[in-house]
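Protein chains: 2
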Amino acid sequence: MLPFARVSIIGMGLIGSSLARAVRAHMPTVRLTATDADPAVRERVRDLNLVDDVADSAGAAVVDADLVVLAVPLGAFAAVGAEIAPELASGAVVSDVGSAKQIVIDALGPLMPPGVHLIPAHPVAGTERSGPDAGFPTLFEGRWCILTPPEGADSAAVARLSEFWARVGSRVEVMEPRHHDLVLAVTSHIPHLIAYSIVGTAADLEGVTRGEVIKYSAGGFRDFTRIAASDPTMWRDVFLTNKDAVLEVLGRVSEDIAALQRAIRWGEGDALFQRFSSSRDIRRAIIDAGQDTADPDFGRHH
Amino acid sequence: MLPFARVSIIGMGLIGSSLARAVRAHMPTVRLTATDADPAVRERVRDLNLVDDVADSAGAAVVDADLVVLAVPLGAFAAVGAEIAPELASGAVVSDVGSAKQIVIDALGPLMPPGVHLIPAHPVAGTERSGPDAGFPTLFEGRWCILTPPEGADSAAVARLSEFWARVGSRVEVMEPRHHDLVLAVTSHIPHLIAYSIVGTAADLEGVTRGEVIKYSAGGFRDFTRIAASDPTMWRDVFLTNKDAVLEVLGRVSEDIAALQRAIRWGEGDALFQRFSSSRDIRRAIIDAGQDTADPDFGRHH
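Quick note, the sequences are listed as chains B and S, same order. So for the first sequence, my numbering puts the first residue at 275; every next one is plus one. So for the second sequence, my numbering puts the first residue at 275; every next one is plus one.
Extracted from the complex, chain B is given alone in its bound form:
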């Protein structure tokens, strides 16, 4: 018994198009509808034959859907929410894939008609690529999907959405939205912010040419450029919508960098060694938890 029969995906970038492919692979009898604000993306989704119907607007896409998934940048949620609200079927579940979660409840909650269940979700998965051609059906396999139902949410709706994500290969966790936003600030938002920052610093540094930065990037810098190649619109919106948690963690990051800076200035080798020694345990735990490859250098070819 499928958790949903008619699924509508709003936004067909990396995540939306991966979800469409995964639904096709694991729940082939689901009727899939999709749309995208960009006509060229809609055309491409038609050419790739990713869904049953490509609608020309978000409102048209959600009619009759029993699951609607917003896969657009967080800054577009309020507008999309207003557009789809009048068209939503009673009993429908409205969800999303956004990287911040309290904002989804704040932006969409008040717009939802009675009888519609808002259950925000965040599949912790992705690559640095964007657009419908970047998606692939196995993106969610073995990755966590975090559901953040608002207080008083319908437990049957939560269970159906959990089952949906499990069907596409995800491991599902339920979390309080503000706690999600703090945890993901640490494990995702701050790493992206720092990577964007360092790449910008290196590109503009006096005394070192951009050509030198590129040539000698294999010393470590190149790793940061992958994350910093992620979609700038999506990430702008993440930082604007998860401001409090990001600023809180960033304060700690700056303190810790300053402490290392001081240890270097004063030649405190033991403090540096101790700090650097503890990281290997975390790396090992991540590999043991199935969240990264055990191959050296991410399995890059040498």
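Since copy identity is lost for identical chains, a pair holds within one copy or between any two.
Listed below are the simulated DMTMM-like cross-link pairs for lysine to aspartate or glutamate, each with C-alpha atoms no more than 20 Å apart in a straight line:
{"hint": "1", "residue 1": "LYS517", "residue 2": "ASP544"}
{"hint": "2", "residue 1": "LYS517", "residue 2": "GLU480"}
{"hint": "3", "residue 1": "LYS517", "residue 2": "ASP380"}
The hints are simulated quantities; they were obtained by calculation from the structure and are not laboratory data.
With chain B's structure known, arrange chain S on it following the hints.
Here is chain S on its own, set in the frame of chain B:
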């Protein structure tokens, strides 16, 4: 005609043992001698049959060598230099693989007997693994090796060392030592320092458990843990010996992070978008320059 006939490698970790394997692969008639301060490593090098002779001390290892390569942490250079100096053959080239270069000239230069050529070198290559089992013969292929000859260095010795590194697959560049130290601070030392710092911050953050950090690391954090799993002794010594350049760049890094922090606090979306948009060009240039894989997510399996 081989650039060197008798090569001695002091230190058989990731880099030293990779170099031994690469010499065997590309210059099989070279007589290879190696040693390591750790008796267990020497034993392992014998078992793996990586070289012709395993010497029990650095002094014994360099007798008759026409190329000596120090592949030990930078903090050990002065002691190793003092030990090998009386044993060096006239005309020998003494080099290394250290990540900072002015310090090598300062530490080894005064110890070298007349007729011995000190030509420091830095192959910009590696993985997060350590030890003789982590090495592999293709590590240097397509990677840059930077030579930083001191003023007045013998040009024939520089040419022979260039040829040596070219034979193991490297692209060779000659650079002024202090400029090397600034460039590598940007492309390697600061990325490692920031990665170590962020991993430490995440591990100790109140309100987020270590288990949560591990579970949801696929959001970006896991990338930082790879670099932060690198050898702590090696990296302690890099920061202690390239202090000036690292602190200079770190000052700029902190300023740039503060600017992003401010943009987030004041909701300056356009500034964030503009900053994030420029990184993709650098990523593309690194891939075009053959310094990283074009596969999404470093080619990790999904």
